[in-house]
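Using the sequences plus the hints, can you model the full thing?
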Amino acid sequence: AQSVTQLGSHVSVSEGALVLLRCNYSSSVPPYLFWYVQYPNQGLQLLLKYTSAATLVKGINGFEAEFKKSETSFHLTKPSAHMSDAAEYFCAVSVSGGSYIPTFGRGTSLIVHP
Amino acid sequence: GAGVSQSPSNKVTEKGKDVELRCDPISGHTALYWYRQSLGQGLEFLIYFQGNSAPDKSGLPSDRFSAERTGGSVSTLTIQRTQQEDSAVYLCASSKDRGRNTGELFFGEGSRLTVL
Chain A
163 AQSVTQLGSH
173 VSVSEGALVL
183 LRCNYSSSVP
193 PYLFWYVQYP
203 NQGLQLLLKY
213 TSAATLVKGI
223 NGFEAEFKKS
233 ETSFHLTKPS
243 AHMSDAAEYF
253 CAVSVSGGSY
263 IPTFGRGTSL
273 IVHP
Chain B
37 GAGVSQSPSN
47 KVTEKGKDVE
57 LRCDPISGHT
67 ALYWYRQSLG
77 QGLEFLIYFQ
87 GNSAPDKSGL
97 PSDRFSAERT
107 GGSVSTLTIQ
117 RTQQEDSAVY
127 LCASSKDRGR
137 NTGELFFGEG
147 SRLTVL
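These protein sequences, in sequence, are chains A and B. Per my numbering, the first sequence runs over residues 163 to 276. Per my numbering, the second sequence runs over residues 37 to 152.
Honestly, the hints are just simulated from the structure, not real lab data. We treat Cβ as the ideally placed atom computed from N, Cα and C, and that holds for glycine. Keep in mind that the hints are not guaranteed to be accurate.
[What the hints assert, rightly or not] Computed list of chain B residues with no C-beta within reach of chain A, every gap over 10 Å:
{"id": "1", "residue": "Pro44"}
{"id": "2", "residue": "Val48"}
{"id": "3", "residue": "Thr49"}
{"id": "4", "residue": "Lys51"}
{"id": "5", "residue": "Val55"}
{"id": "6", "residue": "Arg58"}
{"id": "7", "residue": "Gly76"}
{"id": "8", "residue": "Gln77"}
{"id": "9", "residue": "Gly87"}
{"id": "10", "residue": "Pro91"}
{"id": "11", "residue": "Ser102"}
{"id": "12", "residue": "Arg117"}
[Said to hold, decoys possible] No farther apart than 27 Å at their CA atoms in a straight line, the calculated lysine-lysine pairs in the BS3-like style are these:
{"id": "13", "chain 1": "A", "residue 1": "Lys220", "chain 2": "A", "residue 2": "Lys231"}
{"id": "14", "chain 1": "B", "residue 1": "Lys51", "chain 2": "B", "residue 2": "Lys93"}
{"id": "15", "chain 1": "B", "residue 1": "Lys132", "chain 2": "A", "residue 2": "Lys211"}
{"id": "16", "chain 1": "A", "residue 1": "Lys231", "chain 2": "A", "residue 2": "Lys211"}
{"id": "17", "chain 1": "A", "residue 1": "Lys230", "chain 2": "A", "residue 2": "Lys220"}
{"id": "18", "chain 1": "B", "residue 1": "Lys47", "chain 2": "B", "residue 2": "Lys93"}
{"id": "19", "chain 1": "B", "residue 1": "Lys93", "chain 2": "A", "residue 2": "Lys211"}
{"id": "20", "chain 1": "A", "residue 1": "Lys220", "chain 2": "B", "residue 2": "Lys132"}
See the structure below:
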């Protein structure tokens, strides 16, 4: 079975600083990986996804993530944080053996200080 | 509508009562998912529909939980004899045909259930 671990339930950065949210996955078959963002009182929306094409994936709002098979990681980064980036971020994995039903991490709350 | 619609957005009920939560997926999306989001627990998978069938209901926590989908569209999640531990946000998501979709989901805003 596949699983996802997000390191750090809360990450705090200053506006303009680098954002790094960590995600490690476990899967016995090639995974599909996703980052979703949830703003307060809203549903989740897709930020970006890796589906076995380019290992560096660019998403919306300036976010990107790199798939590193050797490290089983899919960390999310953004060069310069903006106040509007404050939200909950979820990493997810799906595999063909799991009927492509995504398994989500526990989420990381990003706090951006002025 | 253009997105996934869930109702009610908020539900407060007394312990022991039954509740029904409704999900209206994006038109044409054949796959539908229910997840439960509890504080600090992330998203917990409950059940997955492909059309009107539920090939995976492994996440339903107990026999008090059931779900159905009719007409390949609207789904209802029913919780009988609610308990305080059922308090959570129940999220519905839909997607295009699973085989081509590779797990990209479109979520509703959720139904927040509070059991007193």
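Okay, the hints, checked on the actual structure:
In this structure B/Pro44 is separated from chain A by more than 10 Å, as the shortest Cβ-Cβ distance comes to about 14 Å. Separation of B/Val48 from chain A is adequate, the least Cβ-Cβ distance of about 16 Å exceeding the 10 Å criterion. Consistency note on B/Thr49: stated as away from chain A, and its beta-carbon is indeed over 10 Å from all of that chain's, at 20 Å minimum. A cut-off of 10 Å between C-beta atoms confirms that B/Lys51 is not in contact with chain A; the least separation is 25 Å.
Taking the minimum C-beta to C-beta distance to chain A, about 19 Å, the non-interface status of B/Val55 holds against the 10 Å cut. With a closest Cβ-Cβ approach of about 15 Å to chain A, B/Arg58 is found to remain outside the 10 Å limit, as its non-interface label requires. The non-interface label for B/Gly76 is inconsistent with chain A: the shortest C-beta to C-beta separation is roughly 7 Å, within 10 Å. With a least CB separation of 6 Å from chain A, B/Gln77 falls inside the 10 Å interface cut-off, contrary to its annotation.
Distance check on B/Gly87: its Cβ is at least 14 Å (rounded) from any Cβ of chain A, clearing the 10 Å threshold; non-interface status holds. The beta carbon of B/Pro91 sits about 7 Å from the closest Cβ of chain A, which is not more than 10 Å, so the claim that it is off the interface is violated. Non-interface call for B/Ser102 relative to chain A: holds, since the shortest CB-CB distance, roughly 19 Å, exceeds 10 Å. Residue placement check: B/Arg117 keeps its beta carbon more than 10 Å from all beta carbons of chain A (closest about 27 Å).
Restraint check for A/Lys220 and A/Lys231: satisfied, since their Cα atoms lie roughly 18 Å apart, inside the 27 Å limit. Restraint check: the Cα-Cα separation between B/Lys51 and B/Lys93 comes to about 24 Å, which is no more than 27 Å; the hinted pair holds. Between B/Lys132 and A/Lys211 the alpha-carbon distance is near 16 Å, which keeps this suggested pair within the 27 Å criterion. Distance restraint check for A/Lys231 and A/Lys211: the Cα-Cα separation of roughly 15 Å lies within the 27 Å cut-off, and the hinted pair is therefore satisfied.
Of the supplied pair hints, the one linking A/Lys230 and A/Lys220 holds, its CA atoms being roughly 15 Å apart against a limit of 27 Å. With a C-alpha separation of about 24 Å, the suggested pair B/Lys47 and B/Lys93 falls inside the 27 Å cut-off, and the hint holds. Among the hinted pairs, B/Lys93 with A/Lys211 is consistent with the structure: their alpha-carbon atoms are about 25 Å apart, no more than 27 Å. At most 27 Å may separate the alpha-carbon atoms for a hinted pair to count; A/Lys220 and B/Lys132 meet this at roughly 22 Å.
In this structure, the earlier hints numbered 7, 8, 10 are contradicted, and the remaining ones agree with it.
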